[in-house]
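2 protein chains.
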Amino acid sequence: MHTPWDHRYAQRTQRMGSSAIRELLKLTEHPDIISFAGGLPAPDVFPVEAFGGACERVLRKQGAQALQYSTTEGYLPLREQIARHSERYGIKVTPDNILITSGSQQALDLIGKVFINPGDLVLVESPTYLGALQAWNAYGAEYVTVPMDEQGMNVDYLEEALRTGPKFMYVLPNFQNPSGVTLSLERRRLLVELADRYGVPIIEDDPYGQLRYEGDHLPAVVMLDDQYRNNCDLCYHGNVIYLSTFSKILAPGLRLGWVIAPPEVIRKLVQSKQGTDLHTATFTQVLAHEVSKGGFLDEHIKTIRRVYSERRNVMLATMDRTFPPEVDWTQPEGGLFLWGKLPVSLNAAEVLEAAVEQKVAFVPGEPFHPTGGGHNTMRLNFSNATPAMIQEGISRLGQVLSANIPSKVLS
Amino acid sequence: MHTPWDHRYAQRTQRMGSSAIRELLKLTEHPDIISFAGGLPAPDVFPVEAFGGACERVLRKQGAQALQYSTTEGYLPLREQIARHSERYGIKVTPDNILITSGSQQALDLIGKVFINPGDLVLVESPTYLGALQAWNAYGAEYVTVPMDEQGMNVDYLEEALRTGPKFMYVLPNFQNPSGVTLSLERRRLLVELADRYGVPIIEDDPYGQLRYEGDHLPAVVMLDDQYRNNCDLCYHGNVIYLSTFSKILAPGLRLGWVIAPPEVIRKLVQSKQGTDLHTATFTQVLAHEVSKGGFLDEHIKTIRRVYSERRNVMLATMDRTFPPEVDWTQPEGGLFLWGKLPVSLNAAEVLEAAVEQKVAFVPGEPFHPTGGGHNTMRLNFSNATPAMIQEGISRLGQVLSANIPSKVLS
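Which chain is which? The protein sequence lines are A and B, in order. Residue numbers 1286 to 1696, in the working numbering, belong to the letters of the first sequence in order. Residue numbers 1286 to 1696, in the working numbering, belong to the letters of the second sequence in order.
A hint or two may mislead.
Copies of the same chain are indistinguishable here, so a pair counts whether it falls within one copy or spans any two.
[Stated by the list, open to error] Straight-line alpha carbon distances no greater than 35 Å define the calculated DSBU-like cross-link-like pairs of lysine-lysine that follow: (1) LYS1311 with LYS1346; (2) LYS1626 with LYS1644; (3) LYS1626 with LYS1578; (4) LYS1644 with LYS1346; (5) LYS1587 with LYS1311; (6) LYS1346 with LYS1578; (7) LYS1377 with LYS1346; (8) LYS1626 with LYS1377; (9) LYS1644 with LYS1377; (10) LYS1587 with LYS1346; (11) LYS1626 with LYS1346.
Read the hints as simulated data drawn from the structure, not as lab findings. None of these values were measured; they are calculated from a predicted model.
Put together the whole structure using the sequences plus the hints.
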């Protein structure tokens, strides 16, 4: 007889559904369409040749090791490399503070698995990263949100949110996905103090920190937390779990991210990862270590900054020229995204339908708001399309917006 | 102030502990010790040179694609390759039946995530694969067990176990880890019928199916289920979720496994995987596809069979010669493991302590029994050590056993 699978799924799975927006976004994968909907790096900047050399050296010098099982914590030379790299940004850590994950998304999943009981509150920015919500919904998280302004999370609302007793707070301080906004230094310090006062851990997600195109680098929250505690130890023991990734600085197809946390938290994440996927692919870890050696990664990041900074400038200039005055948008100092605000009378999902007809696409902002709102917001990616495509696509979108705004505002 | 992390962990994490046996096994990683404790493939059989050629071709022909994000379902040409490969073993499936996972361990995790509510019963063989228990414990699974004999799961006890209402049953039909035993054809058919009668899905875990060293290949449970349903469609719609992996036939350091299931189940697993790690590394998928092409994998599997078969023979012959008559063991027709039974008066964990002093190690069998028992059992791996090491290590173990048995039996 037929197996009624639907009735076998766990409660957490019954809640998962395919969204209307996801269905709409499938249309945007058509090659005809200029899409600003994804979050893909530019394939033109992948260092294919350097990978070729690294593959050859790895297989010649340590082929059997690179193809064998390895430890759950991750390849030690890669963890040491990350520790040295972090130190240059003022984050003092030892390999015991570091876990390699199968992309940053897995770090979010493991954090959910280790911390979240069904019904637990998680404090997030609104809007926030959709992938984090997706990871934590599976563990039954509920959300308390703090609104954003042009300086990042609006700390005036933070203390009230902390008093709801969240399991942890989640913040993307640099060029936030989706808003493109950066948390100011003053607010970072306040965040550390308030989190400590209420005993609430901070998850700091920093995939884009090194992709700054203007202004000064701001210290990571994990570093400010370490300073705040006057920690003189080389090993970090504070209140922050910091996440980053090779996806935006090397290649997302490797699925390599890392977690920095106190050693006791790393040990718990390792136990959890063991049952989840044993360990991250040895081959990609050894390869990433090999290709990053000898200052290559630093030089490569300069290339990425140059390419993305140009694309951001082209997008902003074209928006200035073609978007109607009723639309506002952020001016990101780095990262991959900017954020648009339409008049409240408009629904971005409806605008997307009209845009797809004109062969251009973006992501409506509503799903990034876990407690609702944002129906008139949109996220635009500027890293993937070429400058010429950006000009063309944004001009088309400007026309769509202009065509929609007057009638909508009058209605 | 200090963050009391211990009190922040979720209920599922509080239950996780480090086991005494795991601590003991850490000792066995010392290079002095001949260890039969792990489950590692022989590094000598990794096709390092073939990987070198494949890396070069992939980066030259499709470098940007191999380094970019890709779909959660997995690289389509690899799924097509797996579909063709499965068909040769009589399992007729389309790519819609296939999901690529980050190793088979991730398939176990995703199945737990999608199906298990806290307290749900899972029907397993006793002993069973430790990694499955580890994956499902995190979702609050409880277990009902069916004992094994030399024909695999003892079906006389199966119907009673099915009547407890398990969420699914989990079976490793070929050269089971840990016991090395193979489920007979007659029992496979009965399994399919009983599972259908009670409406309980089957998870078939088959990492070693192609590593048979003697006897005839037996059809997979998923294939028998398809026959039982008289399915004429090319697409599989039955009651089995089948798992396999590249870890034992190509290289575990790639972390590549696959799931075969009805499309509706694949879709649910895909949704769940999206929040877990977005997708499995594109680079390793494209690489595995490239290296396996043109019949290479078939030839390579023949090499593995020859090497492992010799090692199994050496281990069995040395056991015959050096083990005391009070010890019994299985005669696996394939796979990586065999299973020993000591007199009930002995505790294998205590024997391990004595063995480590003599620089030889194995895994005590008790943890493989989720509902208790097996204190006098042990698992021995024969794939990793060279024949000379196997002879030396098994001889040492024979001495340890001989030294321990008389006094223990008399006491």
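* Asked: Failing hints, ascending?
  -> 3, 8, 9 and 11
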